[in-house]
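Novice: Given next are the chains, with one letter for each unit.
Number of protein chains: 4
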Amino acid sequence: MPASSPFSEFLSAVAQRGRSIIGIRAPDELDISSSDVIALCHNLLSSKGDASGIALSFEILERYQLLDEGEKLKFFEGLADDFAADGAIVQQVARTYLDDPTPNNLGELSRATVPPRRNLIIRLNQAPNATFQLISMRSDLLDLLPDHPELKEVDRDFVTLFASWFNGGFLQLRSLDWKSPAEMLEKLMRYEAVHGMAGWSELRERIAPQDRLIFGFFHPRLGNEPLIFIEVALMKQMPSDIASILEPDAPPLDPASVRTAVFYSISNCQKGLRGIPLGSFLIKQVVEELKRGFPELKEFVTLSPVPGFGQWLRQLIEKQNGEDSGSELPNTDIEQLQQVMSVEWVSDETQIQPLKRVISAAAAHYLSAEKDSKNRPFDPVAKFHLGNGAKLERINWPADHSQNGVDTSFGLMVNYLYDLNEIEKNHEVFVKTGEVKVSSEVSSLAKTFDRSVNPPNIRDRSLV
Amino acid sequence: MPASSPFSEFLSAVAQRGRSIIGIRAPDELDISSSDVIALCHNLLSSKGDASGIALSFEILERYQLLDEGEKLKFFEGLADDFAADGAIVQQVARTYLDDPTPNNLGELSRATVPPRRNLIIRLNQAPNATFQLISMRSDLLDLLPDHPELKEVDRDFVTLFASWFNGGFLQLRSLDWKSPAEMLEKLMRYEAVHGMAGWSELRERIAPQDRLIFGFFHPRLGNEPLIFIEVALMKQMPSDIASILEPDAPPLDPASVRTAVFYSISNCQKGLRGIPLGSFLIKQVVEELKRGFPELKEFVTLSPVPGFGQWLRQLIEKQNGEDSGSELPNTDIEQLQQVMSVEWVSDETQIQPLKRVISAAAAHYLSAEKDSKNRPFDPVAKFHLGNGAKLERINWPADHSQNGVDTSFGLMVNYLYDLNEIEKNHEVFVKTGEVKVSSEVSSLAKTFDRSVNPPNIRDRSLV
Amino acid sequence: MPASSPFSEFLSAVAQRGRSIIGIRAPDELDISSSDVIALCHNLLSSKGDASGIALSFEILERYQLLDEGEKLKFFEGLADDFAADGAIVQQVARTYLDDPTPNNLGELSRATVPPRRNLIIRLNQAPNATFQLISMRSDLLDLLPDHPELKEVDRDFVTLFASWFNGGFLQLRSLDWKSPAEMLEKLMRYEAVHGMAGWSELRERIAPQDRLIFGFFHPRLGNEPLIFIEVALMKQMPSDIASILEPDAPPLDPASVRTAVFYSISNCQKGLRGIPLGSFLIKQVVEELKRGFPELKEFVTLSPVPGFGQWLRQLIEKQNGEDSGSELPNTDIEQLQQVMSVEWVSDETQIQPLKRVISAAAAHYLSAEKDSKNRPFDPVAKFHLGNGAKLERINWPADHSQNGVDTSFGLMVNYLYDLNEIEKNHEVFVKTGEVKVSSEVSSLAKTFDRSVNPPNIRDRSLV
Amino acid sequence: MPASSPFSEFLSAVAQRGRSIIGIRAPDELDISSSDVIALCHNLLSSKGDASGIALSFEILERYQLLDEGEKLKFFEGLADDFAADGAIVQQVARTYLDDPTPNNLGELSRATVPPRRNLIIRLNQAPNATFQLISMRSDLLDLLPDHPELKEVDRDFVTLFASWFNGGFLQLRSLDWKSPAEMLEKLMRYEAVHGMAGWSELRERIAPQDRLIFGFFHPRLGNEPLIFIEVALMKQMPSDIASILEPDAPPLDPASVRTAVFYSISNCQKGLRGIPLGSFLIKQVVEELKRGFPELKEFVTLSPVPGFGQWLRQLIEKQNGEDSGSELPNTDIEQLQQVMSVEWVSDETQIQPLKRVISAAAAHYLSAEKDSKNRPFDPVAKFHLGNGAKLERINWPADHSQNGVDTSFGLMVNYLYDLNEIEKNHEVFVKTGEVKVSSEVSSLAKTFDRSVNPPNIRDRSLV
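Residue numbers (our numbering), protein chains in the order written: chain S, 16 to 479; chain B, 16 to 479; chain C, 16 to 479; chain D, 16 to 479.
For reference, chain S alone in the conformation it holds in the complex (with noise of 0.2 Å):
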């Protein structure tokens, strides 16, 4: 029966055949426990595991999948504690590094705190599919961890393999249009998460028109697999909302009027990959791809949404309306403020004028001002963008009317400036004191605001 590619088709092959060469049988669901799959780990890291380990790795991974979660959970406590560095050996060996802390007494020390199953990983990822399926391994384990912090060693392992295997060289920037592979396509659809698709017609719009540009990241072992994409739109200038992006059936820009390159989402689509750096690569890969394929472009800029911006101005309200407030903001900007809960300006346009400075005021004290114990910026997509060295240009409101847009960014977007001249400089500067980049005129705004709460705990689904 066809399979995905030939040489995929091979190692299954090799993989199933295997199983009567290592002498086990197929899996039957009823039956499999973590403690064959940890057998088999064992037999894995033996001289057995030379001779037959694509067919051992096949097995592994297959049975692990077939557990439940709490089987599972010990399958990951198996991982913890047999594939462990031996605690007596590092003693011994650490002992000797302090007696004598040679260079080479220090090499020892680091090779003898590897734990086993780091290596275990590697000889797994032989198997037909089996990088996708430790990605998918590892994203189990992030579930459990919260509850399993015992497990967070194991965890550190995934990450320490994963950022060797998916570092910059790795991946393969490829440029996603009507004519790459349906299943491909499938999955953007699946993993887009700042502005969902409903279906193909909407993602259509999205890659079809010669406007419309979709770039990922790939990885030459996972096949039509993205790890992360971008969306693109080429546009006259910087848009104020995201309806001037979506609208269906715009009719394609002339090229010879585009000036602006738009992102308006970027998506990870791998959980298990959280924690490896892929965004920040991504955008600047794709900024010098569209200055080579479109050199009349100018200018390079976001439309993002403020995910944390709608529960912060919720609790700013909210705290105003306490008892202990009153001082901190003037008059008339708390009555604003506590106008914009109750006004229906999602359905009324007459209602936004009024509304417009205090909350983009509002908006530029919170982006460029309200940090995180680190001293970065507490909303995780600013944090994203200004982290890389981009400016925060113009603060947009309103700007996005979906459900969740209101919710989440209380019905505001920023535009991000990627100036690949500036980058680097603002990035020094953000990491060496924690100084954000903004324009001008988004400086004037924030100074016309001057009151912060405790920024309350968010996490943004798209860049994690």
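Watch out, some of these pointers could steer you wrong.
For identical chains, the list gives no copy identity; a pair is met inside one copy or between any two copies.
Claimed, not checked - Calculated lysine-lysine pairs in the DSS-like style (CA-CA distance at most 30 Å, straight line):
(1) K462 to K167
(2) K313 to K89
(3) K440 to K194
(4) K286 to K89
(5) K386 to K447
(6) K286 to K194
Hints listed in this document are in silico derivations from the structure and should not be mistaken for laboratory results.
Once you have looked at the hints, place chains B, C and D on chain S.
Specialist: Here is chains B, C and D on its own, set in the frame of chain S:
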């Protein structure tokens, strides 16, 4: 100007344009020094590297190549000294762990001992063509290592990363033929380490006929650059000499009469990957691939040199000639062996028959009983194949009349048999007991010869 | 529109740049006329066309597309009149030949009669995307033909060239799957002519499961544009209704249990290629391809509509109801058939059994005995498959409850069997005698029914 | 032989399996005859061919190849006689047309005159690799034609079909480089007709350096088999001798200093496509392609041989030596030209300067004024380039010291300039008046020489 591939072209453009961004001028061969390069390496690990990673990495690798040998040594010493783990911190963390040996403290210790140069190498890898340049860098390092043991820890970091990057899952098995890119085939000629090719017409004879095949491992990042390749002849039966394979202008076999696949040459291509096991994985995958493509194949054997045999035999005879010998070999054998050295068997066929038995017996003994300090076969090719779980099936003499064949193998070649149903069992026995698998014929031969000498130290070019 | 590859992009650039070279301005929809286009066609056949052929061809095809229907008619009339063979010369050459009928004079006559428009079409074909545009041009011509028989000779020139360009040697058989380009799959949905697909999810069910396959013929010049395609289901046995194939969410078959390949839809995609035989060649190649890929397949059958049966049956019954009928069918059959029309068998299963025999018998008669004026089966699908040498294996009723199935085929579907060992013999008998091959079961059924009506005139959409 | 793709393999399988279906046994070289092959051709045009077309076509083409020259002649005579249009029918249709010269009757006449062998060739084309074999078949026919003018009509049918199959729209322009398939590059060596290559290292020098390019036309049906190719050197200025291009181990140019693209060799590869114009189309597309890829290029010129000049000059001098000469050339020129023949200028540089003016003048005259019976340049290469609309820019002597260069071109080479803005105009003037475009320098040179001889009959290998 045409570049190797669109994307590498793009990376080059980015990298070169980067010079102005990162504020350095193009290197000048006259004044380039290792200290400049080390300074850039520090930048790459700092926040500068987040923003300008590709450009910095490209610059470092380009400049490295312009260093002379002395400066390269200083560069590696810089890696050893400046990019090692911080001893003070390690000592502190080690003490914490010894006081409180929790898994978490063990993890901390493990991380504290990782030298920053490992992350440096990962970052360097993002430059265009970096993986190949890093392999070359390690090749330089291997040249320096014998005289500079203090660089051993630097080498271990390369090995750790290469073992992760070149693990089985990331290798691509390709079948090469006369339609393959000329650039790729040219490399085969250059890397062939067992039976050298004099030019394109010899190459053509090894790859164009239907009964001649070449397979190689490639890596997605290395383009047309092979890692290792193996040459295969499809034959009617197990061959007993190399001429029957390399004979020019032999008519290709009728596919229906093919019965035996013969592996007659396997060559590692990248010195910088020494120590990363590729050969064993390749040979097994090629067996699987051939089984699929040619279901009529019944037998998979090598026709291999015995590169340690010549020297071993000569030393054995010398010793026999020395004073303290005499009793250990039957007199007739001694005489015959002494005769071997003086007889012109290469050019005089009549001399062969009388010598055949004693040489074959000596070889059977040499291959099955002469072991190194770890109880592995002393002969490097035997160690490779028997360690893989193959069986020593037959000894052929004379089988190779070439100068190199006579010098190193004394004209001897042997067949190792790869039987997929036996490999795992043989390998396990080998790992546990050091016992090697030989056919009954070879076993009988070996019994007629009972004498051992201390084996000399020999390296085989092809299978290190 | 077919794919634009880099090279077609290049051709477009050349073609468009060409306007300035050939000294004409960009067309304006308002004032474009057929006489302009005809004038450019004269240029293309002159020495101007040697130098600026691509640009001129591009211009002609672009302008043609802007013509309205009336101007298109004038354009074709221009082709008919201005680009016909020169009558005066033909008459002279014809007389020479009649006087002296040598092979050479015959050749001269043949060449004199070739209309210059044939060379014109060959020259037009050099423009980017020209082949597709020429097919569309003929599609327009086919629409005009019924009312404009004077254009028949123009059409014949298209047919002559298309028969040469789309002959078997230049067609490419491709297997489509869920990894195929989205653009290509979208076209399948548009062109499906037998069992329409409502959207991407229905398409996915026909192509993504392991037991569903689609094959098509493509042409190197037409990119992702299919010429014809066939949909295949791998099954345990010959199916008797379409629901068993199109049922959503059916679990895919175990590959080991597959025994029968079922062709359940075949659709021509390019109206402009009407009359160029593709279907017969496709179905035979797909049988060969499936035999190679799935050696376990034992049987190759269709599940086909009988698109002329509905109308034939209704006319038959009407006639029976008319005055001059009565004697030709047994009374019971007449009654049953009359009943058929009024009975709600589509929704009421209990009505089916009593009607089954008489309808099946009528169908057996219709398919095996009702012939057109050339003694071919009157039913267009039957004519196609039986003409190919297939055997009418089984009649299934009811087999298709869809509105279209009930309207055209009266809910009937049949299985034609493709037995490669019989096809040639059956085809020869068919060509020589008009006799069609039916199974003994169908033959027996037909004998129970002996009545014929003049068949109405019916076109089948899918197999013209 | 062209590439065998997986699909052609499939076709081969079908074709060979077909033998049993079509009921014939494998051919035996001993008893194969043209009458067998002709009999199979009749089958192919009958209903048998509908069902077993691929198998029959394969069989015919395979058997044809086994025929000896005498039997091949008989085979072509069979095509001429048995597969001609039916004279009796043509005569009848011709009379009908003469009586009533309607368009429809003209169409009928045209169809009646088409020989059935044209359809036969189209059917043959469906076999695997058939297009290449049909080209070879015509190559055989071209060899027979001079002695067998009765086969001329058969040849015209091949030409008619090849002109349709190899028209511009179906050709694929490919850029070849050192990554191209070895099989393809090997063919370049074999087909090079202007400046022969001695082996792979010479080929490598023409294709691997960044300033050397090769482009070719390919056809989708012919795999790696080129139709025609052109070799290009990127240079600082227009070259005046071939050594400056072919010099081994010259360092590649700095891309920034490239200004001129030089076409120094163009070779037709398929003798069987003689008469199908490819060169003019190729050279113009390559100019466009180079403009796109190297915007810094300012000038596109050839460095071309003058293959008729040697013989023309020798004849001229002989005549001058004859009795009836004397007055037509100035005495000094006569003396110098006579001297030319005896002087060892090839090896003696001091002899060159005195001869340079008179030889250049003779060449300027030869190229611009010596015409054939159709008023086209007598020199075949000049006819090609000047006919394309190029300008004769410069005459270089001595420019080619190779034996072949001295023999045919008297060591002369010239530059033809391709200026896309002038080509069309030049071509039109050429077609209408026969006038060729020369630079003022060449024009002045020509005026210093005023004498014409009857040009001898010369064929150029490379541009027929």
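Novice: Run every hint past the structure and note whether it holds.
Specialist: Do the hints match the structure? See the list:
1. K462 to K167: Neither: 43 Å inside a chain and 58 Å across chains, both beyond 30 Å.
2. K313 to K89: This pair counts as neither: shortest intra-copy Cα distance 55 Å, inter-copy 45 Å.
3. K440 to K194: neither (39 Å within a copy, 41 Å between copies)
4. K286 to K89: Within one copy, since 21 Å is at most 30 Å while 43 Å is not.
5. K386 to K447: The answer is within: 15 Å in one copy meets 30 Å, while 60 Å across copies does not.
6. K286 to K194: Both. Shortest intra-copy (27 Å) and inter-copy (23 Å) distances satisfy the 30 Å Cα cut-off.
When the structure is compared with the earlier hints, violations turn up for hints 1, 2, 3 and for no others.
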